[in-house]
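K.L.:
Based on the provided sequences and hints, a complete structural model is requested.
Listed here are the chains, written in short residue letters.
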Amino acid sequence: MNDTLKRIFDSDLWYSFKRHPLVIVAAILSLACILGAVFAPLLAPHNPFDLKTLNLLDAFTPPAWSASGKGQFLLGTDDQGRDVMSTIMYGSRVSLTVGICAVALSMVIGITLGLISGYVGGALDSFIMRVADVQLSFPAILIALLIDGVARVVIGKNGHDEVAIYVLIFAIAASGWVQYARTVRGSTLVERNKEYVQAARVIGRRPLAIMFSHVLPNVMGPVFVLATLHVGAAIITEATLSFLGVGVPPTQPSLGTLIRIGNDFLFSGEWWITVFPGIMLVILVLSINIIGDWLRDALNPKLR
Amino acid sequence: MKNSSVLLEVRDVAREFDVSKPWLNRVIEGQPKSILKAVDGVSFTINRGETLSLVGESGCGKSTIARVVCGLYPPTRGAVIFDGVDIAKASVNEQQQLRKRFQMIFQDPYASLNPRWRVGKIIAEPLVAHGIMTEKAEIKNRVDQLLTQVGLSPQDQEKFPHEFSGGQRQRISIARALSSNPEFLVCDEPTSALDVSVQAQILNLMKDLQREFGLTYLFISHNLAVVSHISTRVGVMYLGRLVEMADTKTIFNRPLHPYTQMLLSAIPDLRMTGKQRTPVAGEVPNPLNPPSGCTFHPRCPHANDRCKTEAPSMIVADDGSMVSCHAVEEKRIPIKLAA
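The listed protein sequences correspond, in order, to chains A and B.
Sequential numbering of the first sequence, starting at -5, is according to our numbering.
Sequential numbering of the second sequence, starting at 511, is according to our numbering.
Hint data in this document are derived by calculation from the structure and do not stem from the laboratory.
All the given hints hold, so there is nothing to weed out.
Where chain B lies over chain A, by a calculated footprint (3+ residues, C-beta under 8 angstroms): (1) 181 to 190; (2) 194 to 204; (3) 207 to 214.
Computed from a predicted structure; not experimentally measured.
For every residue, glycine included, the Cβ atom is placed at its ideal position computed from N, Cα and C.
P.N.:
Below is the structure:
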């Protein structure tokens, strides 16, 4: 353990991290968002899903610093008297879960297909890449909408609310695998012709063993960068879908759902219900993207 | 065949590569397929315990032969017979058994070791892949022993390849190749990426290991000095064909084929300073469109009309040396004895 920590602090990556104040700020912010989301039940001032604690008389309370604000609701309350700050913490939980799971799933799909495509080559490669090309010609959000719509028809309205989050994860993952497949395929084409892969073939390793134990560790660098940036994009996609009303149900609102709910009250003056979840979304995605951008530069040996 | 002195036989092996443009481009531009004959009908045998070197200019097909012999490329034509077994016709099980018995050492020590693996794991890969050893302690002992044999320290197995110099990495490659106790090693220019002082160390290590374990080498090189140091027999290749093959001494003292004579006279030598040389004239022709007849005729000072039309066949002499040249057959070339 100590050894691992020492290696991290000795690495070029840590050195580069220390010299980029913006990245440090972004890391602290996203870490705060993640911790706040993970420990929401412990940290949030109220539980917005416990109906017993809600009081409709508290509805539409403005933020604490305005004239009619109440100290116990720092960022105000929404139409049902739920504390906005608490809903944001619980909401980013859903957003982050969907974002990270969707990215993990599309990584698994994309990396596997990319490795096979690049290593095996031939007709299989052409087939996988043409499918990817076709998919790339649609906007990701459209594919996610399509999958979500089909799932609604297949599962039915009643069952849908329970599995909505899984459908959402799958929909976002299915629209994002292409980038991983292309990146991994490109690097695999380079690695495949290197002599260490040929050495493994002479030794008599099976193709699958070569793909996953030899090639995979050597193509993961760009994939990590892509994944970091993709987490931000996936959270945005989820928010968009939820904003359009095809994402998670209002009983377990994500940041996107919160923004949509608040949007209804924007013109009647209750701006805080939609603006604060929006700010939270911007901070979360922006800081993740800053980290992703930095990773791309820091891991690129040509830019060092 | 089993216990004869011949370990490996390469019988009329050819290997072609399809280098044509994609199908759609060909159809639209109306071009035929273009096939590159990297190796075109090469036959030779290697006896147990000897070192056969293949030399030639870049692009003459020597590395392709090494890869065909190792099974990295299937031959387009012909057969590779290892210890009496035709590799292409062997069952999957037999092939797996054969794989243990031959290994390969690669040219670029910076590319032939997986940069993300520790040296211990790299060297143990053949052991694990063939299930020769399964226990961790046993594997570690074997790796310790191998590292010592190639002149590195057993502690080095915890390190990554980038922590070593080129020569040390080539030692690691050799240790990996030796780990499954093979009888036959294919060495594809193992020293050409190293500087001269390290080259000698690696060659001497390879010679020592050959003596100790009775190894047989197929050695690919373009460096004649290296070849003369290590080989028992030498084959000279030109444009995918073998043009001459003989004992090292014979080749270097009495080269028959005009191409071999050209190559040898190009070796820099302090004793020969100021001596008149036959320069290596011309360039290697495009292998996509090789010359008719003897492929060497456009560069050959002894070429006549027969050379332009008829491809020469191998003439085998009494001492086992082979040459494929019309001019030699017709005794048109004065035999040059090296100084």
